Amino acid sequence: MKDGELVQQVLNGNNNAFRFLVSKYQRLVLHVVGRMVGQQAEVEDICQEVFIKVFKTLKRFRGDSKLSTWIATIAYNTAITHIRKQKRRGEVSYNEQPALIGMEVDSGLNQKIIEKEEAKKYLLQLIETLPVNYRTVLTLFHLEEFSYKEIEEITGMPEGTIKSYLSRARKILKGKIEKVVRLEQTNIFADYA
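In this text, residue positions in the sequence shown follow the numbering used here: the first is 1, and each later residue adds one.
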């Protein structure tokens, strides 16, 4: 079913169409919100809030952009609003550079990285250490495969800023990975000394 038809079905009161819409875009919403917020219990609540907003405002969707872009914009704005509220209340702050939890560099790390799934998990954890804007554009560009123009629509950031954030994020990730590899090589050589 095309997005236009799906929207029309939802607007006509078809509950199954809305369930389909949620299942089709829940991964996108989870990625956008999850990369920005990071607290699992809060991520689930915010994702629910996003889909409530989507349902309530779907009649405003004009089709000027893709439905995925429109939904990602709602997810982005909802997460930003949540983060700002938390900071104003002085509650747990969403640190611009959260610490890696449970990711101590040890001699067994090299073996974990070799396995594809572990490497993917590790890379996602490294992404979580990036500042929130870097995480967001990296997720939207590489994981969700949005274009620069679509990311600009979603975040309101100029295209030049998006490109700059992507470049900086890649450079930081490369540096972190190289640091881990150097530490591993040092540990390996120390074992043979």
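Bear in mind the hints are in silico, worked out from the structure with no lab data behind them. Quick caveat, the model's predicted, so the values are computed rather than measured. Any given hint could be a false lead.
As the list claims (entries may be wrong) - Subject to a maximum C-alpha distance of 27 Å in a straight line, what follows is the list of computed DSS-like cross-link-like pairs (lysine-lysine):
no., residue 1, residue 2
1, Lys66, Lys2
2, Lys87, Lys24
3, Lys120, Lys85
4, Lys149, Lys179
Unchecked claim - What follows is a list of derived Cβ distance ranges for each label pair:
no., residue 1, residue 2, range
5, Ile52, Gln86, 43 to 53 Å
6, Gln26, Lys120, 34 to 44 Å
7, Glu159, Gly63, 48 to 58 Å
8, Leu183, Ile52, 39 to 49 Å
For each residue, glycine too, the CB sits at the ideal point set by N, CA and C.
Hints, verified against the model:
Our distance criterion of 27 Å between C-alpha atoms is met by Lys66 and Lys2, whose separation comes to about 11 Å. Only pairs whose Cα atoms come within 27 Å are accepted, and Lys87 paired with Lys24 is rejected, the gap being roughly 32 Å. Between the alpha carbons of Lys120 and Lys85 the distance comes to roughly 32 Å, so the proposed pair goes past 27 Å and is violated. Between Lys149 and Lys179 the CA atoms are separated by roughly 33 Å; this puts the pair beyond 27 Å, and the hint is violated.
With their beta carbons about 19 Å apart, Ile52 and Gln86 fall outside the hinted range of 43 to 53 Å. At about 20 Å, the beta-carbon gap between Gln26 and Lys120 misses the expected band of 34 to 44 Å. The hinted range of 48 to 58 Å is not satisfied by Glu159 and Gly63, whose Cβ atoms lie roughly 22 Å apart. The hinted range of 39 to 49 Å is satisfied by Leu183 and Ile52, whose Cβ atoms lie roughly 46 Å apart.
In summary, the numbered hints that this structure violates are 2, 3, 4, 5, 6 and 7.
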